[in-house]
Structures are given as structure tokens and as C-alpha cells.
Amino acid sequence: MELTCLHNKFNFPSLPHLSRPFFKNPNPRVFPRKINILFLASASDTAVASSIKELGSKKDDEFGDLKSWMHRNGLPRCKVVLNESTSHDEKHMPVHYVVASDDLPAGDVAFSVPNSLVVTLERVLGNETVAELLTTNKLSELACLALYLMYEKKQGKKSFWYPYIRELDRQRGRGQLAVESPLLWSEEELAYLTGSPTKAEVLERAEGIKREYDELDTVWFMAGSLFQQYPYDIPTEAFPFEIFKQAFVAVQSCVVHLQKVPLAQRFALVPLGPPLLAYRSNCKAMLSAVNGAVELVVDRACKAGEPIVVWCGPQPNSKLLINYGFVDDDNSYDRLVVEAALNTEDPQYQDKRLVVQRNGKLSVQVFHVYAGKEKEAVFDMLPYLRLGYVSDPSEMQSVLSSQGPVCPVSPCMERAVRDQLADYFNRRLAGYLTTLNEDESLLSDPNLNPRRRVATELVRLEKKILHACLQATTELIDELPDHTVSPCPAPYAPWFKNWHLKQNMGSLLLDPIGF
1 MELTCLHNKF
11 NFPSLPHLSR
21 PFFKNPNPRV
31 FPRKINILFL
41 ASASDTAVAS
51 SIKELGSKKD
61 DEFGDLKSWM
71 HRNGLPRCKV
81 VLNESTSHDE
91 KHMPVHYVVA
101 SDDLPAGDVA
111 FSVPNSLVVT
121 LERVLGNETV
131 AELLTTNKLS
141 ELACLALYLM
151 YEKKQGKKSF
161 WYPYIRELDR
171 QRGRGQLAVE
181 SPLLWSEEEL
191 AYLTGSPTKA
201 EVLERAEGIK
211 REYDELDTVW
221 FMAGSLFQQY
231 PYDIPTEAFP
241 FEIFKQAFVA
251 VQSCVVHLQK
261 VPLAQRFALV
271 PLGPPLLAYR
281 SNCKAMLSAV
291 NGAVELVVDR
301 ACKAGEPIVV
311 WCGPQPNSKL
321 LINYGFVDDD
331 NSYDRLVVEA
341 ALNTEDPQYQ
351 DKRLVVQRNG
361 KLSVQVFHVY
371 AGKEKEAVFD
381 MLPYLRLGYV
391 SDPSEMQSVL
401 SSQGPVCPVS
411 PCMERAVRDQ
421 LADYFNRRLA
431 GYLTTLNEDE
441 SLLSDPNLNP
451 RRRVATELVR
461 LEKKILHACL
471 QATTELIDEL
481 PDHTVSPCPA
491 PYAPWFKNWH
501 LKQNMGSLLL
511 DPIGF
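Using full-length UniProt numbering, the letters of the sequence shown correspond one by one to residues 1 to 515.
Among the hints, a few may not be true.
To be verified - Capping the alpha-carbon separation at 25 Å, the derived lysine-lysine pairs in DSS-like fashion look like this:
| id | residue 1 | residue 2 |
| --- | --- | --- |
| 1 | Lys463 | Lys260 |
| 2 | Lys260 | Lys284 |
| 3 | Lys303 | Lys284 |
Unchecked claim - Derived CB-CB ranges, DEER-like:
| id | residue 1 | residue 2 | range |
| --- | --- | --- | --- |
| 4 | Pro491 | Ser332 | 37 to 43 Å |
| 5 | Glu207 | Phe367 | 22 to 28 Å |
| 6 | Gln259 | Val485 | 53 to 59 Å |
| 7 | Glu204 | Thr86 | 31 to 37 Å |
| 8 | Asn73 | Leu263 | 22 to 28 Å |
| 9 | Cys283 | Leu443 | 44 to 50 Å |
| 10 | Arg72 | Gly107 | 26 to 32 Å |
| 11 | Lys375 | Pro491 | 44 to 50 Å |
| 12 | Phe367 | Leu82 | 42 to 48 Å |
| 13 | Pro446 | Val485 | 29 to 35 Å |
| 14 | Asn437 | Ser159 | 28 to 34 Å |
| 15 | Val290 | Arg72 | 41 to 47 Å |
| 16 | Asn83 | Leu354 | 55 to 61 Å |
| 17 | Asn282 | Pro114 | 26 to 32 Å |
No wet-lab data here; the hints were simulated from the structure.
Glycine included, C-beta positions come from ideal geometry on N, C-alpha and C.
Based on the sequences and whatever the hints tell you, model everything.
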């Protein structure tokens, strides 16, 4: 199961149940002037009301739990049950999660959900052509799925999907640590991520969700046959932005990316799927489309009562936090980004751009630094930086005519490259609010706020990568002769991007190492 990341994702922290007199509009595309009685309360009042009023009260017992509803509607016998764990917020109901009901050997089918119980864009819009048109224009699949479920929620118990929507409300888009995506955190809570590029990613994602909200009415008018059944206002008048963002984040936390299916079926909401399943980065179990159903085959033996584990895709911890509200300490896909760029004011910029392109890099180059492979990443950066310090036209011609970019520099210039690279890592580390030791102390507190805890786990892992990069660079500096001294920075050294702060970083090198 590869769970989507990004701009198309959404989280369902309890969507307020909206009530309005049901009326038949003979022309669903013509709307009388509205008296907007739905949202007279403030956003904060709505949030409080929704948390107090979470679905799942005794009056809903007639529907049974999610699994019972699914069995009544075609789910064949499966080998899982729902357990629950306590929420960190006493106002919220416990979080449900899927566990094995029997001992499962590796390769066994845990469950198989028929397509009639799976929500896809093709099912929502009823026309694959319309679905593709919408999602290749300005709206993501997740925005369309979020809009559909919001309208279904307004139907209340009349909706076929009521038990599933009730479960999404209960989960509130929370991950394994019962923490919501930082897309829903307050500004004060986002400050926990200061120094981390994840904070900028969260703000950028939030802006993307707002742009999608502004395009919601496009769906309403293009997919008229779908919305004729809903006697409500057009999307941006029926739902405030904050409600849509909550819905988007909820869908983001549970959407599944199916492989080898038509475009309009690739993003699916699968009851018993995420966020009820436990995510792991070192797992290969995936939800797959098989013979008119979506099934899960476990990749490891699982005893009765143990959580069912699935793969969340090759995502770094920053994406896991934004999409699902958790961080994986054993994530082989975790990485940081170092972005460097050739100086466009360099008289030899065009020649240098040709050299880096010839060797598989770009004039603005992103280096991925994977956890455990920091030294390799440093070695990959040095030749790129070194090129920036070539200033003699004859030397540049030598580089252009060589098989690889050979940039002969003196030991002193090499020292400048390594010193400035070390300075870059030091500056990034200095941008965090806490040190590694302070992070460890915070995490030892059993009463630490859950959002602060998951944020601290993320920045701690980022700092470990940066410290490893700094150590590798320092060891390279120590290999240079003792008498080497950094010269003045080169006038056209490459730039390093430091999260909205570009630093002019020198880059010279010693050995003729190729890209």
C-alpha cells in the first residue's frame, strides 16, 4: 500500500454535522439568495461543538461498529477485529485500530474489501472522463473525495456511508500516537518545528489546500449529475475553509494509492484501511486491487491481538508527520534536503551549467541526505561546490574538455570548500530551538504534550543527520595539511539555501574528483 503524500491529502478531524431543512430544489443549478444559518457560530465554537458531539454515542448503536456494517453490506469473513487505544485528549473518543483476530502466517489474506465498499473518484463522479478532467485541471483527487464526504455527512444517517464517516470523525485524522497532522496545529504548536524545513512544508501545504478550496465550485458545476441529490449550497457557501481543511486532512490520513488501476480509481478510501492500520517504513504489506476488491496480504507472521502492519510508502519522516501524524525512528527512507545553486552572476555561469548538466546535475541542485548515508552525501556535494571556485577561463576550458569535471584547486582552496560546508551544517543546527541533549531530556518526560513529543522526535532525527554530515565534513578537514588556511571566499561561489535564507557558500576542492 503506497499512501499518497502531498498536495492531495486530507484529514478528517471531526467534521461538524450540519443541519438544515431539507428542501427540493427543482433546479439544483439555480440558487435562491441564501440566509447562511449554517455557520453563524465561529470556527472555534464549531470545533468545540464537534469535539463534544463526536459521533459514536449510544443512539448510534443501531448501526453497530464499522466492521459489522461492512459485513452487512458485503464484506466476506476476514481475520481482523477493531481494538481501541485511549486518546490523549479526554474530550475525544479512543482511537480504533485493526488487529489480527487469528494467528496469521506471512502471505495470508487479512481482509478483502469489495469495491462496493470502497470510495474512489470514479465511484463519486460516476464518469471516468469527468474524473480525469477534474484532477488534471486544478483539483486533486483528495479535494474531490473530501467534498463528496462532506456532502454525504450532511445527509446524516440517511447516507449509506454514515458508519464509515462516523469512524473517520472518531479518528479525527490522528496517527499512531493519536496526534493530528501539523496542518491542524496552532501557530504556537508549529513553533515546535522551528529550524526544521518541515515547518515551511506545512505552511506551503496549507496554502495549497486553500487554493483547492477556492476551486471547489468547479466540481459542483462540472459534475452536476452528482450533486443534484444534495439540496444544499454550492461548496464554498456550504462549507467554510476551516471545515474543508479538516476534511482534506482527514482524507489525506487515510487515502490509499492503488497500483495497476485506471486513473480515476488510483486514490481510494478503504474502510478497515488507514488510519486503522499500523504504519511501518520497514514493511512491504500493501493494499492491492484484486478481482473487484481491495485486499491486504500480510508480509509477516502476526499473532491474534497484534496490530496489522502495512507499508506507508517510501516517505521521509517529514511527510509521515504531515500526512499521518507520526514519526518512524526506524525509517530507511528518512532524509534531509540540501539545495545548492550555481551563482548566476558568475561570468562563466553558462559553461559551469553545461558541466553540471553533463554530469547529471542541475544549475539548482537538490542533494538528498539519507539517514546512515551522510558521508556519501557529503562526497557527492563537494565536486559541485568545487566547480564554483574555478575562476580562470583556461581552467574552465580544461574542465569543459575533460571526460569528467576535473577542478584542480590548491589545498588552501580545498580548505575553504570544506570549511564553508561545515559552516553550512553548523548554521542549520543553530536554527533549531533545542539541542540534541535537550531533545532527549524532553522525550524522557512521560507527561510531554503529544504534539510536542512527535515534533521533538522529528527534529531530533533531523539533527542526527546534520551532526553526521558535520562530523564527516570535519574529518575531511582534518585530513588536510596542518598549514592550509582558507583564502577569501570566491566571488562567485555557489549558493546554499537555508530555508528562506540563501547563504553564499564557497566551494572549492582539492582532488580532481568527478561528479
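Do the hints match the structure? See the list:
no.: 1; hint: Lys463 with Lys260; in the structure: violated (38 Å)
no.: 2; hint: Lys260 with Lys284; in the structure: holds (17 Å)
no.: 3; hint: Lys303 with Lys284; in the structure: holds (18 Å)
no.: 4; hint: Pro491 with Ser332: 37 to 43 Å; in the structure: holds (41 Å)
no.: 5; hint: Glu207 with Phe367: 22 to 28 Å; in the structure: holds (26 Å)
no.: 6; hint: Gln259 with Val485: 53 to 59 Å; in the structure: holds (56 Å)
no.: 7; hint: Glu204 with Thr86: 31 to 37 Å; in the structure: holds (33 Å)
no.: 8; hint: Asn73 with Leu263: 22 to 28 Å; in the structure: holds (26 Å)
no.: 9; hint: Cys283 with Leu443: 44 to 50 Å; in the structure: violated (24 Å)
no.: 10; hint: Arg72 with Gly107: 26 to 32 Å; in the structure: holds (29 Å)
no.: 11; hint: Lys375 with Pro491: 44 to 50 Å; in the structure: violated (30 Å)
no.: 12; hint: Phe367 with Leu82: 42 to 48 Å; in the structure: holds (44 Å)
no.: 13; hint: Pro446 with Val485: 29 to 35 Å; in the structure: violated (51 Å)
no.: 14; hint: Asn437 with Ser159: 28 to 34 Å; in the structure: violated (52 Å)
no.: 15; hint: Val290 with Arg72: 41 to 47 Å; in the structure: violated (22 Å)
no.: 16; hint: Asn83 with Leu354: 55 to 61 Å; in the structure: holds (60 Å)
no.: 17; hint: Asn282 with Pro114: 26 to 32 Å; in the structure: holds (30 Å)
When the structure is compared with the earlier hints, violations turn up for hints 1, 9, 11, 13, 14 and 15 and for no others.
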